[in-house]
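*Asks:* Chains as they are written, first to last, in my numbering: chain R, 688 to 1167; chain U, 86 to 547.
Don't take each hint at face value.
[Claimed, not checked] Not close to chain U: a few residues of chain R, all C-beta gaps over 12 Å, as computed:
(1) Thr768
(2) Val894
(3) Leu994
(4) Thr1160
[Claimed, not checked] Going by beta-carbon spacing under 7 Å, a handful of chain R positions derived as facing chain U:
(5) Pro738
(6) Asn740
(7) Arg1131
Please keep in mind that the hints were generated in silico from the structure rather than gathered at the bench.
All residues carry an ideal CB built from backbone N, CA and C; glycine is no exception.
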Amino acid sequence: MPRSEDGRRRRRDSNREFAVIAYFFIGIFLAMIAYFTYFQIVRSEQFINNPYNTRLDSFAERITRGSIVSDDGTVLAETKTDADGGETRVYPQGRKYAHVIGYADNGKAGMESGYNFELLRSHSFILERVMNEMEGNKNQGDTLVTTLNNDLQSAAYEALGSQKGAVVVLEPETGKILAMVSKPDFDPNSIVTDWNTILANDDQNSVLLNRATQGLYPPGSTFKLVTALEYIREHPNDYKSYSYDCNGSITADNYTLHCFGGSVHGTVDLKTSLEKSCNSSFANIGLSLNLKKYASTSEDLLFNTDLPIQISSSKSRFSLKPDATESEIMATAIGQGTTLVSPLHMALIVSAIENNGALMNPYLADRIENTDGRIVKQYEPSAYGQMMRQKEAKILRGMMRAVVTDGTASALQSDAYKAAGKTGSAEYGTTKGDSHAWFVGYARAKGRQPIAIAVVVEGAGNGGTVAVPIAKTVFDTYFK
Amino acid sequence: MITIITEVSKYLMMILFACYTYESFSALQKSASPKRMQPILKRQLIFMFLIHLDAYLVIFAVTGEVRMLGFYAMQVLLICVIQLIYRLLYKKAARLVTNHMCMLLVIGFIILTRLDETKAIRQFTLAVIATVITLLIPFFIRHIHFLHKLPYVYAGIGIALLALVAVAGRTDYGAKLAFTFGPVSLQPSEFIKILFVFFVAAMFYHSTEFKQVIITTILAAAHVIILVLSKDLGSASIFFVTYLVMLYVSTKDVRYLGLGLGAGSLAAVVAYKLFSHVQARVIAWRDPLAVIDHQGYQVSQSLFAIGTGGWFGLGLFQGMPGKIPVADEDFVFAAISEEMGGIFAICVILVCAGCYLMFLNIAMQIHERFYKLIALGLGTTYGFQVFLTVGGVIKFIPSTGVTLPLVSYGGSSLLSTFIIFAIIQGLYIIREDEIIDEEKENIRKNKNRRTKRNGRRADAAQ
Chain R
688 MPRSEDGRRR RRDSNREFAV IAYFFIGIFL AMIAYFTYFQ IVRSEQFINN PYNTRLDSFA
748 ERITRGSIVS DDGTVLAETK TDADGGETRV YPQGRKYAHV IGYADNGKAG MESGYNFELL
808 RSHSFILERV MNEMEGNKNQ GDTLVTTLNN DLQSAAYEAL GSQKGAVVVL EPETGKILAM
868 VSKPDFDPNS IVTDWNTILA NDDQNSVLLN RATQGLYPPG STFKLVTALE YIREHPNDYK
928 SYSYDCNGSI TADNYTLHCF GGSVHGTVDL KTSLEKSCNS SFANIGLSLN LKKYASTSED
988 LLFNTDLPIQ ISSSKSRFSL KPDATESEIM ATAIGQGTTL VSPLHMALIV SAIENNGALM
1048 NPYLADRIEN TDGRIVKQYE PSAYGQMMRQ KEAKILRGMM RAVVTDGTAS ALQSDAYKAA
1108 GKTGSAEYGT TKGDSHAWFV GYARAKGRQP IAIAVVVEGA GNGGTVAVPI AKTVFDTYFK
Chain U
86 MITIITEVSK YLMMILFACY TYESFSALQK SASPKRMQPI LKRQLIFMFL IHLDAYLVIF
146 AVTGEVRMLG FYAMQVLLIC VIQLIYRLLY KKAARLVTNH MCMLLVIGFI ILTRLDETKA
206 IRQFTLAVIA TVITLLIPFF IRHIHFLHKL PYVYAGIGIA LLALVAVAGR TDYGAKLAFT
266 FGPVSLQPSE FIKILFVFFV AAMFYHSTEF KQVIITTILA AAHVIILVLS KDLGSASIFF
326 VTYLVMLYVS TKDVRYLGLG LGAGSLAAVV AYKLFSHVQA RVIAWRDPLA VIDHQGYQVS
386 QSLFAIGTGG WFGLGLFQGM PGKIPVADED FVFAAISEEM GGIFAICVIL VCAGCYLMFL
446 NIAMQIHERF YKLIALGLGT TYGFQVFLTV GGVIKFIPST GVTLPLVSYG GSSLLSTFII
506 FAIIQGLYII REDEIIDEEK ENIRKNKNRR TKRNGRRADA AQ
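The shape of chain U in the complex, shown without the other chains (with noise of 0.2 Å):
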């Protein structure tokens, strides 16, 4: 019977999952047009709460816990929380992302208690600070005029914490990536992104004159240069990338680009070189059923799942996604392809790819040149993790253990990918007002020139 339920609830799920990231393309279309907004939104909300309770009523047919039930009870309470919150502090906020947030939200905290219950009760009370502790940011963003006059602060702060971390930090498959403070742990370059995000859009805001470039370069490079240092080789490549996308759109200048990939290609050869880990890497990407019983085994178990997995899933709690080593972090990708399908995958894909559009869409809209450097920013860290760990998971590029931003396990992530989102937010009101502005302005001149037209006629009349 219990076979039955998830058989029929994969298929559901999946084809509510399309229908809501149909909607969020067709949404992006629409944009231009609020009014025809309003019913799309809406409907999205619709698929989301019904993938929501089938999944809950799954995991409830499978485990026989009640408990499950009042779980899931508190999520759908959450959810509506950030959902009222935007509608009702901020009216100017961009709904569609406010529904990406809670629906990758929402997939991670099914994936996370199919895996591990606890984890996703921690992963829940997480969310519920990290919604409070973000719930000012699009308010500071609107309100705080000095954030581009920090650039030396960021860069101070971002790189002393990154140092820190390296010299002091706990290791975790061969990285030092995280502080411990009894029960809390703490992953600094999570947050670091964001500061090193605001002191390039700082640095590059004021001036790109050769000079600036300059020290923006060898502050920028001691950030990717620690990081390498403690072997966080996905954070470094993130910033790395980062650095470089807001380089070249504020010199305008292709050179830099080809530059930088010239010394990422070196910097990488050199790097292979040096480090046995990331070697491994390589070899395991190369051909991991060669190396499965070393360096290839977590990439081959990945590839087992999302392969047995198939198109349309395993169903929940019908697959082994426990063998893949941290499918609850790094790997979620391929725990979520191997019970809920390749489609349904494909789709987590495709949500996040609006996601990032979303980010560059305000980047394009809002006049400002720091904001639009800000936005530009956290959108390319934004897509570059979500490629970095999908593609890592699937063999596409050589895995460098990321995480999927709101789906994944952790704090740090979890908490940073709020701040990002609640930033993107507050400059999406921003550009409300720009327009309102330019409104005003244009109805100012228009009267102006009536005036004045009148004052001519009146001269002429004479």
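For reference, chain R alone in the conformation it holds in the complex (with noise of 0.2 Å):
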């Protein structure tokens, strides 16, 4: 057949449409090409670090573990080799770097874990290597270089003393995390033997999990920072017409909500409003915001998304509905109600707040290095992306300094650097009183890189007298 007239006579048939379906299929080949780039360059770390990835265990056969040292070379973690070739993994600074470095032993946990493939990994002199090799000893892994500046980091786990909390600094222009601090905290050095005992205590402490990332708490009065951006947003001309005149307390469907302390604040506008932390102002506007943008602007503040980090941390909620009532209105308004936040979530915020509202990408790890001390791989600071625009930043700005100023983080005046920030008292559980101290906020000074914290204490009271001399105490380590 095939040679028929027929077939002949159809000769001239055009092949578009064939040139069609080959560059289609050419074009799903290549964007799979794409795809697995993307997933070798961008992805894969997130995978390679996972626990359950089994393949690293393999790598301690032939690398011994890189050490973990701070930004001035502290040693943080390492890893000794006896004369039988048995191995420990040595933790020099304790307790005081538990949560963010982690352990290895037991399963991992923070940067252990974050960073397990780079620190399997051996980058030293190549002949080196093959000598080892060949003699089947084992290679030094690499160095793991943090962001992490210990004299910070000591200041801030002392001035946390024995309470529970954490505490979170870091440069808002790099995203470099200087201290992360933690408490109650364990000894990393003896988590294999301890490892029972923590576990048995663990329902009231929750010792393992490092609270700066993981822990979620109600952002209490911090959260005022979010309902007046929200303002500012909704009035981006009028705001500062904005007055309200309060006498204690607001009630809106049969329910009332008083401010901190029994205090009755007479006429505020926004800027006085969050200066003296006014609750009754700030139900006010909540009850007078488009709920639909106010869960919009949460979720460009990060709310209900996962963190740009590389160690475990939870997910901060918003869960305000546009058919919320007027009582669940006012709550989430001044940082009550169902909302729950990280304190590292919150040190994003203020960070954004202080570098003209982009968010830099937080990181832990500055550098790897070989065992000669050559970079194998330096991280460099990257942009998230814009939290808010520069005005509305620069507005906060202003609104979070009077805080400072002539509201109720005044202890933060100082000759030395500006802070600014706002001050919480979330109250939890179903006990009248019991309330977290926040602070939160920044601190700058001419010549030196900006800082951002974050200060959570656990069921302290109030955060004007219990967190902001916290953070005071690291603002003075940091620009003395």
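Dock chain to chain to rebuild the complex, using the hints, since each chain is given by itself in its own frame.
*Replies:* Okay, structure coming up:
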């Protein structure tokens, strides 16, 4: 058949449709290769360092796990090999870095987990590696140099004392995390022997939880920054003319909300409302807001979103529905209600405010070096994106500065630096008056990188009296 | 010491394979001039044999088993036989296609030997059988001229067999795919997809009028629906896409394409709502780590392997491809990527894309419409299957559980791919016949013209 007359007549058929299909398939093949490349470059780290990826355990048979050091070279973790070849992971700084550095036995946590792959690779001199392979010796893994600053970490660790809570300090312009403390803590050197004791008491203490990144707290008055931002967004031109007459409480929907400590603030505008942390005024603002936009502003600020960080973290929650009742709205506007936030997240929000609205991706690893100190990989600051407009950030900065000059955080006034921030006393549980003390803010000084901080102290009451002094210690240490 | 051998070899194999891939695309450019093709094809063979040799040296060094060298020698023999068959019996066949077939086969042997020696030996035996079975297919394609007359036979056999599997087949991973006869297990859908292409090509060869389109669509839909009911979603989507492509190209009507894509999307949504196993695949695709203990386990393991392997791979026997469920079949691409490296894996995709282009190339060059559609249909099943398997393994799309042709372990998949490649070779031979016919005809025409002109001149002279 095929060579029939019929066939011959159709000979001049065009191949246009064939070409369309061929190009389409070439397109999907190229898209697939592009995705594969994207995965290798961008996404693979997240998978490689996943605790379920047991491949890395086999690396440990040929590589001695690398050290972890602070930004000035203080050793935070190292592996000691005894004469018989037995290895011990040692943490010379003990409890101070327990959560952020984590542990490498009995499972892995913190940076020991997040940078497992990097610690188990060796970029030492090639001939040395070949020699070691020939002789059957292990190669020394690369060193992880962190962004953590030993002075600040010590200051924050000591300032928090024996209280439960967390402190996070970072550079808003780079995203470098300088200190990260969580308490109660544990001794990573004896994690294996202490394991059962820790787990037995864990119901009340959650010792292993890194509260800085995984702890979720009601934000209390620190959330008024978000409410204020939403109000500014809805009233870009006349937010300054906002006025409210505070008589110490506000009632709506059969629900009465009081100002903290029974204060009566009188006539307040938006700035003084934040400065004095006036609950009644912010509840009043909340009732006026467009709830859909309120929710979308909270998502701009990374609520209900995974935080961009290499170690385990929890998603903060904002769950106010457009059909919420007035009492729910009032509670949410002052940071009570169902909203929950991690200290790292609050630190990111204030660092974006400090940095003209731009959020830098927070990071803990500065670089990877081989045993001779040659840089194998340098981690560079990278932008996450714009959380808010420059103008909005500027307005919030002015209001946060007033909290220090005229408001609830006046203890932070100093000649060495200019601080700004917001205090909070976040009620939790059912007992009236039980509250977590918060401070979030930043400090600047000429010629220095500014730093942002979030402090939370569990069940300690007033942010101004408990959390602010901790922030002050950190600022004083940094700007001394 | 062994670590050094595997380290050096992985870079060597990667470079050799990159060279092979480069040659295959430079060959596509120059396909018009056979003289310039010769050295390219020869170099490709050299690269292929070097990769093969290097890989088996590593395998021998690590396992220390002398029988591996024997196994290697047998593979070399098989590759030489395949090359000789096409060079001696079918001089007009496309040697680039033969080379690609051998290359993919070799990669399959290497990774299967590393994963599971018993399966590698079985795969080799099946490859020998497949070579023998498909030996005469190009000959038949060239000389049997009634293939376009049997559309209903193809559809009848196809639907009947698929229905039989759906009712009486064995269940694997939640899908009914295969029959088992003693030690032999057969997956009919692998072969029915070839019959399906013949069916659609034959229908549209005769007519693309509306009525014919309706009848064809109903019968094609029957195939797809039975496959969906057997929960064989990979095959169902291959059949569907193949039909859609052939329909569009035959009718040249974009509206059919739009209608088909609309229907396909709708069907996908309905399938998602109705079937929990479809939902599981989508959940695993969205965020495999979030459901790593359940639906996401397989994809997560695959991505651990690919990610840890990185661009250069961990080296043969240095990774843990055994952790990936069905690493020797549907997820073989992840095993290759882990141990032989991301660059090597991209070259695998490119070589598969090169095969696809050779399929489409013959579809465009050959003049006979029935054969054009056959080449297009087979090309689409091949290309789309590669897309489904690789895309699923790297989490580009939800995984559907299909094999990587010629590389994955599995007799049905191997044999059906051999058949497809043999048919394509048959078409390349027919195309050469066409060219010769055309040349003869041109000569005849020219002669006629010249005789006429001479006649006229003679008239004028008088």
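*Asks:* Confirm or reject each hint.
*Replies:* Tested hints:
1. Every CB of chain U lies more than 12 Å from the CB of threonine 768/R, the least distance being 20 Å, so the non-interface label holds.
2. At roughly 25 Å from the closest C-beta of chain U, the C-beta of valine 894/R stays outside 12 Å, upholding its exclusion from the interface.
3. The beta carbon of leucine 994/R is kept farther than 12 Å from every beta carbon of chain U, the shortest such distance being approximately 16 Å.
4. No beta-carbon of chain U comes within 12 Å of the beta-carbon of threonine 1160/R; the shortest separation is about 38 Å.
5. About 10 Å separates the beta-carbon of proline 738/R from the nearest beta-carbon of chain U, more than 7 Å, and the hint is not met.
6. About 4 Å separates the beta-carbon of asparagine 740/R from the nearest beta-carbon of chain U, less than 7 Å, and the hint is met.
7. Restraint check, arginine 1131/R versus chain U: the minimum CB separation of about 39 Å is more than 7 Å; hint violated.
Hints 5, 7, counting from the list given before, are not met by this structure.
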